[in-house]
Structures are given as C-alpha cells and as structure tokens.
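If you read the sequences in order, they're chains A and L. Numbering-wise, the first sequence is residues 1476 to 1778 according to my numbering. Numbering-wise, the second sequence is residues 32 to 409 according to my numbering.
No wet-lab data here; the hints were simulated from the structure. It is possible that some hints are incorrect.
Said to hold, decoys possible - Keeping only pairs whose Cα atoms sit at most 30 Å apart, straight-line, the calculated DSBU-like set for lysine-lysine is:
| no. | chain 1 | residue 1 | chain 2 | residue 2 |
| --- | --- | --- | --- | --- |
| 1 | A | Lys1771 | L | Lys164 |
| 2 | L | Lys110 | L | Lys142 |
| 3 | L | Lys201 | A | Lys1693 |
| 4 | L | Lys201 | L | Lys317 |
| 5 | L | Lys142 | L | Lys201 |
| 6 | L | Lys211 | L | Lys201 |
| 7 | A | Lys1589 | L | Lys110 |
| 8 | L | Lys211 | L | Lys142 |
| 9 | A | Lys1693 | L | Lys317 |
| 10 | A | Lys1693 | L | Lys146 |
| 11 | L | Lys107 | A | Lys1589 |
| 12 | L | Lys146 | L | Lys211 |
Said to hold, decoys possible - Some chain A residues close to chain L (C-beta under 10 Å, calculated; not the full set):
| no. | residue |
| --- | --- |
| 13 | Asp1673 |
| 14 | Ala1679 |
| 15 | Asp1682 |
| 16 | Gly1685 |
| 17 | Asn1686 |
| 18 | Gly1687 |
| 19 | Lys1693 |
| 20 | Val1694 |
Cβ atoms here follow ideal geometry from the backbone N, Cα and C, with glycine treated the same way.
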Amino acid sequence: MAIASVAHTGPAAPPPAPAGRSRSLTPYLLLLPGIAWLTIFFVVPIVTLFGTSLQVPAEGGETGVFVQAFRFANYVDAVTEYWAQFSRSFVYAGIATVLALAIGYPLAYMIAFKAGKLRNLLLVLVVAPFFASFILRTIAWRQILADEGFVVSSLKWLHVIPQTATVTASAVAVVAGITYNFLPFMTLPLYASLERIDPRLLEAGSDLYGNGFTVFRKVTFPLSLPGVVAGTLLTFIPAAGDYVNAALLGRQPGTAMIGNVVESRFFRIVDYPTAASLSFVLMAAILVLVFLYIRKAGTEELV
Amino acid sequence: MADDTGGDLHLRDVTKSFGTFTAVDDLTLTIPQGSFFALLGPSGCGKTTTLRMIAGLEEPTVGSITLGERDITHAKPYKRPVNTVFQNYALFPHLDIYENVAFGLRRRRAKDVDKQVMEALALVELPHLARRKPGQLSGGQQQRIALARAVVNRPQVLLLDEPLGALDLKLRRQMQIELKRIQTEVGLTFVHVTHDQEEAMTMADTVAVMNNGRIEQMGAPSELYEAPSTTFVANFLGQSNLVTGRRIAADTETVTVLCHGQTLHVPVSRCGTEDVDVLLGVRPEKIHLGGEAQEVAAGLNSFAGGIVSDASFMGVSTQYLVRLPWGQDLTVFAQNRGIGEQYPVGSRVTLSWEPAHTFALAGDATAGVESDLAVPVG
C-alpha cells in the first residue's frame, strides 16, 4: 500500500549498493508503464485543470465560454466565497475519521487476535458492503436515519437524544454516512498491521509486569501505528473530497461540503474556473494536512 | 522482585491438556532456589508448556505451582516474580535497546532505572548499543539483550525458552559460557528449556529429561549420562549400545546377566530393573577394542568374535561399528592418541569394558533412538 510505505520513515538499512553491471535499464523499463499511465491520465489533466482555474469568462460570451488568462484572483475569490464549505469538509472528514478509528480499531483488533477460525469470514464481512452499490447503500442510510425510522425512535425512547431532535438531512446523518462508507478503508489497514504483530511480543509485555491495558498502550498500539496512519489517511483524504454523502444524506446548502460545491459549479452553474481552483485548493490543503500529520505521527514511533 | 521471600519452585501433580492432547502429564518437580535447571527433551515433549505454566502464559488443567510459600498457579503473568527469555527473543521492535531493558522496571515504577539498565547492559557487555533498535542488532546481540531485559528485574526465577536455538554453533558455545557466568554472578534460579542435550549438560546443575509430558529421569548431567535409568534417556543423552540379556544370578553387589552366550556383570547400583529380561547398556567410548588374539583382562565384560563393519575417522576419535556374531552392530569410539592399533574394516576384534561402566534397563531398546543419535557427545 503506497500510503503505508510513505509512513515507513523509521531507520531502515539502505539497500545494498548495486553491482556495476546492474546499472541497466531494467528499473526504468519497469517504471515505464506506470509513468506513461500517470502522465496521460494524471499529469496532463492536472496541468489542463490548472490552466482552467486561471481562466476568465469570455467578454460578452455565453455561459460556459471562458478564455485563458492568468487570473490568480480566482483562487482568492473561491476561498473567500466557500470558506464555510471548506472548513465543514475538513470538520466532517475529521469527525468521521475519528469515529471510523473508534469503531474500526476494536473491530480489527478482534479479528486479528480473537477471531480464531472466524477470521476470514469476518474479513469478508468487512468488505461485503462493497458488493452492493455505493449510491444504493447511501440512499438506504437515508431510510435508516429517517426521523420516523427505527434507529431514531429507539434512541429517543432511550432518551439518548432529545425528543425534538431531527436527524434527517442533518450534519449527523452526513457524518454517519461518511463514517459508514469509509469504515472498511480504516479497518483493513488496521487489521493488516495488528495481524503482523508477533503474539510473543504481547506475552513478553505481560511477562515484564505489564497488565492488559499497559501492554496495549505500550506494545500493541505503537506497533499498530502504521495501520492507524494508513487507515486515517485512506479515510480522511477521500472523505474530505466526498460529495455523495452530503448530497444524499444532507440538506443543501446547510451541510454542503466542498465536493458538492465543485460538483454544482462544474455541472450546474458551469463555472469551470471556480470549480478548478476549488479543486486545487482542496488538493493543496489535503497535501499540507497529510504532510503535517505524517511528520507528527510518522517519525519516532513507526517501526 | 528482590523483596519477595525467596524459595524453591514446586510443581505438584501438574497436568496440562489441550483438548484431547495431554502436553504435560502429572508432573511433580522441585527446582531449588539458585540452581541452574534444564528441562531437556525432544520437541513436543511438554517442556515448553511446562515453562509457560511457570511463566503464567498457560494455566495448568490440574495441579499447583508454588514459589516459596506463594501459590502462583493462577496468578497473572505480570504478577509473578518470574521473567522469561523468549525463543526468538521477542524484543519490542519499536523501542530502543535501553527502553526494552527498562520496560519491566518502568512497569513496576522502579527507582534509578538508569543505573539498573546500564548495569544490566554491562552484564551482557553491550552498553554501547543502548540507543539502537533491536532490528539493528545481530542475533547474538539480541539474545543478550533479551537476557538483560529479563535479568534486570531480578526475578526469583528466570525462564529460558530455547534461547540459543537460533544461533550458530560457535556463538551458541560462547553464549552457553556467558549464560552460566551470568547465572553464577546474579545467583537467580534459571530454568532452561532445550532440546540440545549437550547444551543442557554443559550448563545445568540438574537436568530433567522429559518425554511425552513426563519426566523420565532427573539428576546431575554426569549421573544421567553414566547411569541412565530408562532406554529413552540412554538413547537421547548421547549414544548407547543396548544388548538384550537374561538375569541369571545376583548377589549384594553384582548382577550377572547372560547375553548371547556371554556372561556379563553389572553393579547392583546400576541395575535399574528387577525383570529377568534386561537390556544391558554401555557407552561407545567406554569400550576397549582389542585384536582377536589379545587376552581380555580378568574381571572385564567382553564380547568376542566382532568384525569391524565400518570405521569413520572423526578427528579426535575414530568411530567403529562392530558387527557381533548375532548380527547386532555396536558403536565404539576409540581416541586417536596415536598409540594402539587401528582396525581396518573387516578386522576381527574383541570388545571389552569395565563392569562398572555397564548399566541395565528394562524396556524397549529403540526408545528415543529417533532423536539426534547422530550427534555424539564430545
């Protein structure tokens, strides 16, 4: 997993120096398909998109006709206008990531250490939702979280939420949807890193006077950090740019995320420059956040 | 924990079953405080399960384990004054060497952690590696750190689970000596599990040979080697020549046995059976090889009419296989001292040895033969 290997910044022995004759073209040839693919389908479009983000409407032109310019103020306008949606995206994605971690960690732990023969079955169940359409499942959540539905009325009956509360088309529904949809992306890397832990290390921790909680805090959790980093990134990054959950489970414009803005700017209002600059700002913001996060989480503790 | 009252480790009637499989079968054992005790046996004999029960990583199905006055049968591993050196060391890969060694001290909120850690690292002669990660160390170094990490806690009992198994021969020898030195220096009770009979004999004061979940024989290494009490021990610990015979007479000192027409003598103290059918044993290096014409001194046990069927030069000694008239091959080690005769294949020879080097056993001659018979005791 690419992200997991990014997180591996621990001291690793450098690979042995290549012998003279292995300075061949082989590594470059092996890289070629990947480079070609990424150039055609990533680098070229992103350069085009960057160009679009600096365009201005054609003078006297119709809607949707733009000419190339270098109007960097597009960025300032976009951020000023949609500041609320940006911060909402990161807040929703952040909450959903924390929730997914809180749900996914015990789940992954249980599958890795306690499931025994059921392990493979449980892993299949974790990815089973992918067998049904993403859109369908999200629409189903609309019914699950409907105010007159079973979940909300049970919670009201238990007085967990006030009687007047409404969940339909609320931020709660959007965050719940994001959490649900990205849970497997959290659980699987967590499982992978927990499963790799040598059970003898846990025995050693317990042998060295660590009780169950201490062994978890001092041994299990630090050793699972690569999975935590990979899982949170795999959840947070797509969640911050997600628009399906907000579109299907939220209420416009109150719960709109930046993805919804980009979508409507592109397809409905046909304002390509704003949509493109929003996309770039989102990308830059995620890159900065991820970089800071990996710097913080990925230096000392990761093995 | 040094403040606990010390004491011997007792296992009483301990049985451990996994489903229908009985790993340890009604084991009773006392390990005196301060001793170096080895549990020796082939894989699957229950020695590691026994160790894990002492560590608290397995719970006995039946029976009790006490340390001094304290019953620790059901105590959690982290509540026992016992530490383990694991088979593959189980060093924490995310912590540096210093923090690995400090782990137990920190959990118990010990004072002067720094001093104790550095002392433990000095004991294993690796203080300069304190800030490395385990992955940067060689196998031998990791082994020593695992030892330091356990010893630093001054447990009442230190458990060693095949700690030298992953090392090469030369390093293993060196570590055997180091372990013995450290045990003498710190004076803890060491319980060492191994399948390597030589390792057990070199290091331990007392060796218990285990087979099928039971202890076959327990005693000082020389005692086990010189007077095995079962065929399993005779075959597992070094090599033995076992010949079937019938007891024909006995007085207060000597038992007389008839083996394939030859009258042989065994001291009563070395006769482990009352049966009429016995197995007579002698170690290969105790046998003297003589030419056919040579007179055998009076009072020695001997077999005449042997033919050398194989002679392998092994450096310090030559290993002969001698075919006896009834078709059995006996092994003889002859030291290459450069005096005395060499016997090429086909030579007719007479075997002789002291009755005091003979032992008599009941049972199946092949028990334990499948284990590493090929490795002679040096």
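Taking the earlier hints as the rules, which of them does this structure contradict?
Violated hints: 3, 5 and 9; rest satisfied.
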